[in-house]
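Dock chain B against chain A, hints included.
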Amino acid sequence: MNDDQLNKLFTAARAEEQNTWRAELAFETRLLARLREQRQNIVPWFVWTWRLAPVFAAIVIALGVWNFTVPTDPLADLVGEASDEAALVAMLTGD
Amino acid sequence: MSAQYGEPTDERLIQSTLAGDDEAFAALVARHKRRIFGIASRFTRSDAELDDLCQEIFIKAYRYLGKFRGDAPFEHWLARVGVRTCYDHLRRTRHDRDAVALDNVELPSTDNIEPRRAREVLDFALAKLSPEERLVITLLELQERTVREIAELTGWSESNVKVRAFRARLHLKEVLEAHHER
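Listed in order, the protein sequences are those of chains A and B. Whatever position you read off the first sequence (first residue = 1), add 116 for my numbering. Whatever position you read off the second sequence (first residue = 1), add 47 for my numbering.
The following block holds chain A by itself, in its conformation from the complex (with noise of 0.2 Å):
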């Protein structure tokens, strides 16, 4: 195919009438209609912290139960009150 054939497919199919009138009716009212239910769907941010409430109420639950239910280890309460460095030392090397 050349240049001069493909033009004329071009010229052929430029003549073809774009009938588009039956998409274009009562356009603007669907256009409308969805641009609104685009609007109710969009939750605003603050919506959202109400929604996480349950989850965030469920993490501390979670945490609290940790907390008072896993063993504590009697070494790691040693070191994380001792404030004097002599006695962790001296609890370390058994003296």
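Derived from the structure by calculation, the hints contain no laboratory data. Take these hints with a grain of salt, some might be off.
As the list claims (entries may be wrong) - Facing chain A, according to a computed beta carbon distance under 10 Å, are these residues of chain B, among others:
no., residue
1, Asp69
2, Ala87
3, Arg89
4, Asp94
5, Gln102
6, Phe105
7, Arg163
8, Glu167
9, Leu169
10, Asp170
11, Leu219
12, Glu221
What the hints assert, rightly or not - Heads up, simulated EDC-like pairs for lysine to aspartate or glutamate below, C-alpha to C-alpha not over 20 Å straight-line:
no., chain 1, residue 1, chain 2, residue 2
13, B, Lys209, A, Asp120
14, B, Lys107, B, Glu70
15, B, Lys220, A, Asp120
16, A, Lys124, B, Asp170
17, A, Lys124, B, Glu161
18, A, Lys124, B, Glu167
19, B, Lys107, A, Glu140
Note that the Cβ used here is the ideal one computed from N, Cα and C, for glycine as well.
For chain B alone, coordinates are given in the frame of chain A:
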């Protein structure tokens, strides 16, 4: 055009839309929909697809209306939104288009080909091109836009448009020849 003595201007309708007046946006759509349907109809194959694509274009325009600065006519800005949305549509539906078939395998002579048949043949061949090639051929050859206009609509440089158009024509001819030889 004055809002006081006739139809409200595009700028007035845009301001009202931004202030939350949906009816103003509906008036803006009614004024410009013909042009947008004209652009989009070259990239779709059914009324339903055309309706969806045009809705997508106007929803995008609505969303970005606040960014319209008014340094060019609104219809130019809207056409840019339209063409870029059509390009996204071509990329999204690329694989669907591989299934475009041509009923009659024999290609008629291009000397006296009927418009409808020419469109069918081109739809079939364009479906084999990349979205960029299809876009540039459609804008340049079917909508008869200039290279400068295409550059403005797509955001590509003018030299880029020319290179893509040249390659697209070559590719299109290959597809048509390959089909003709079968």
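Hint check, failures only = none
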